[in-house]
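Asks: Sequence:
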Amino acid sequence: MPDSRSSQPKARTRPRTHARPFKPFTPEQLAERAAAIPVIDFPDLPVSARRDEIARAIRDHQVVIVSGETGSGKTTQLPKVCMQLGRGVAGMIGHTQPRRLAARSVADRIAHELGQTVGRESGQVVGYQVRFTDEVGPTTLVKLMTDGILLAEIQSDPMLRRYDTLIIDEAHERSLNIDFILGYVARLLPARPDLKVIITSATIDSDRFARHFGTWEGTPGSGRLIEPAPVIEVSGRTYPVEIRYRPLGPTTPSSYTSEASAQQAENPTETVETTEVTESGPMQLVLEDPDDELATLGYGMGEDIDVETAICLAVDELSAEGDGDILVFLPGERDIRDTEAALLDHLKGRGRRAGDDKGVHPGDIEILPLYARLTAAEQHRVFEPHRLRRVVLATNVAETSLTVPGIRYVIDPGLARISRYSNKTKVQRLPIEPVSQASANQRAGRCGRVAEGVAIRLFSQADYLSRPRFTEPEILRTSLASVILQMASLGLGAVEDFPFLDAPDRRAVRDGVALLVEIGALASGEPRERR
Numbered sequence: 023m024p025d026s027r028s029s030q031p032k033a034r035t036r037p038r039t040h041a042r043p044f045k046p047f048t049p050e051q052l053a054e055r056a057a058a059i060p061v062i063d064f065p066d067l068p069v070s071a072r073r074d075e076i077a078r079a080i081r082d083h084q085v086v087i088v089s090g091e092t093g094s095g096k097t098t099q100l101p102k103v104c105m106q107l108g109r110g111v112a113g114m115i116g117h118t119q120p121r122r123l124a125a126r127s128v129a130d131r132i133a134h135e136l137g138q139t140v141g142r143e144s145g146q147v148v149g150y151q152v153r154f155t156d157e158v159g160p161t162t163l164v165k166l167m168t169d170g171i172l173l174a175e176i177q178s179d180p181m182l183r184r185y186d187t188l189i190i191d192e193a194h195e196r197s198l199n200i201d202f203i204l205g206y207v208a209r210l211l212p213a214r215p216d217l218k219v220i221i222t223s224a225t226i227d228s229d230r231f232a233r234h235f236g237t238w239e240g241t242p243g244s245g246r247l248i249e250p251a252p253v254i255e256v257s258g259r260t261y262p263v264e265i266r267y268r269p270l271g272p273t274t275p276s277s278y279t280s281e282a283s284a285q286q287a288e289n290p291t292e293t294v295e296t297t298e299v300t301e302s303g304p305m306q307l308v309l310e311d312p313d314d315e316l317a318t319l320g321y322g323m324g325e326d327i328d329v330e331t332a333i334c335l336a337v338d339e340l341s342a343e344g345d346g347d348i349l350v351f352l353p354g355e356r357d358i359r360d361t362e363a364a365l366l367d368h369l370k371g372r373g374r375r376a377g378d379d380k381g382v383h384p385g386d387i388e389i390l391p392l393y394a395r396l397t398a399a400e401q402h403r404v405f406e407p408h409r410l411r412r413v414v415l416a417t418n419v420a421e422t423s424l425t426v427p428g429i430r431y432v433i434d435p436g437l438a439r440i441s442r443y444s445n446k447t448k449v450q451r452l453p454i455e456p457v458s459q460a461s462a463n464q465r466a467g468r469c470g471r472v473a474e475g476v477a478i479r480l481f482s483q484a485d486y487l488s489r490p491r492f493t494e495p496e497i498l499r500t501s502l503a504s505v506i507l508q509m510a511s512l513g514l515g516a517v518e519d520f521p522f523l524d525a526p527d528r529r530a531v532r533d534g535v536a537l538l539v540e541i542g543a544l545a546s547g548e549p550r551e552r553r
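Quick note: the sequence shown uses our numbering, first residue 23, plus one each step.
A couple of the hints might just be wrong.
Distance ranges between label pairs, derived from CB positions [as the list claims (entries may be wrong)]:
1) A473 x E325: 32 to 42 Å
2) P180 x D378: 26 to 36 Å
3) A399 x T48: 30 to 40 Å
4) P180 x K380: 52 to 62 Å
5) Q450 x R78: 36 to 46 Å
6) I248 x T48: 48 to 58 Å
7) D229 x P160: 14 to 24 Å
Read the hints as simulated data drawn from the structure, not as lab findings.
In this text, all values refer to a predicted model and were calculated from it rather than measured experimentally.
Where is the CB? At the ideal position from N, CA and C, for every residue including glycine.
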């Protein structure tokens, strides 16, 4: 097995990319782009009140961290702050999103606020690019894209010259793509003093990013921190959310055990803080009466029931609370389809599939799925005005990346598909696992955007308290083969020397190199060169 540090594998072939080669703008193009800047207004959002402070920080620093809960407006208003500073003309304002649906919906929202439409036509300043769709034109100043698109562009434009500003949104999700982009940008900044980088994050990770992009004496991360990157905290606009626990039954806590929890059980020296989080930033979580029988016994009154049945009963409970739509979090597409069928059967004639407007009666409920594999038109339906009460069945795409309008209630089984690499079997899997406390609180907060809300958790409070506080970064639990191949093709040197926020496990690095050599993607034996 090749050693990951003693030899520098080289990519046999350059990974294929659809990114266009960068061509600098001509003086005529620059003039056209400058003339396209529209009148910019700011809606009444928490981030708007801090825009002057944010603008000063961007002007005076190369990296700025903007921290705040979902609902503060940072995703839609930061590009407009940058445009007011004159950014986006010499190079675009690149704005990354973790998911395609978020990239499209955010682009639509920003364009709408500017009185424009998204597109390639001359004069339109907002565009987006996702897999198979490129809506970027000659006057695009703000480009929404998935982080995967930005990674592909690094191959043809290593200096990222097509951008004068980068906004890395939802950085606290700590996906493999986000961590690689943050490390790559940290290396790039000294060579691109004109490049401005804005990182948005939930409050839990802001200090981590500030240290990572701070000014260091000696080696970043191990030397002396002279000055961290500036952090601007923006409050969210939220209302109190009541938390109700409705466990599926006495076996619920052990039904799904995460690999992280299993590893912790094998290593008792690692402790997990188990204090109930009753306040997460500006979002106030209000617990119901703990003596309530439903909170301890669940809908089955101590007997096991399945998730679909519990969701149906939770919909009944919340429907009696008053008006407002219900958001249900589910692990994947199959779970969404099974739950949709169960709800249609449970509601009898009152349940309606999305788009079924025939013979509508007062009290009918529309059931709307939301997951990545739907068409753009089907996904966009969640943002359209509607007459009926809705039950939105969504994957974790609705957890942080976008705000589903009209949600007053949340049902959370507390599960998600988590990408994991097994060191024993050498296989990448997507097991269903319990979500972390932070993720559960993010989900609960989705119903506190427009009014006071209620979140029903289909697990016990004891189960919640036993969960990890935060979701483990993907780089610590997934195969590193794709990152190693990307780094080899770009000549970035040893994985161990790359400025990741969290250093990957050495065994995972060795496994990634071995896999790539075995399938012929890398050639080993070359000496490793440090850059």
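Asks: Each of the hints needs a verdict: does it hold here or not?
Replies: Hints, verified against the model:
1. For A473 paired with E325, a C-beta distance near 34 Å keeps the hint of 32 to 42 Å intact.
2. For the pair P180 and D378, the beta carbons lie near 50 Å from each other, so the given range of 26 to 36 Å is not met.
3. Between A399 and T48, the C-beta spacing of about 37 Å keeps the proposed range 30 to 40 Å intact.
4. Between P180 and K380 the beta carbon distance is about 55 Å. The supplied range of 52 to 62 Å therefore holds.
5. At about 45 Å, the CB distance of Q450 to R78 agrees with the hint of 36 to 46 Å.
6. Look at I248 against T48: about 41 Å separates their beta carbons, and that is not inside 48 to 58 Å.
7. The beta-carbon spacing between D229 and P160, approximately 40 Å, falls outside the hinted interval of 14 to 24 Å.
Figure legend: structure checked against the earlier numbered hints; hints not met, in rising order: 2, 6, 7.
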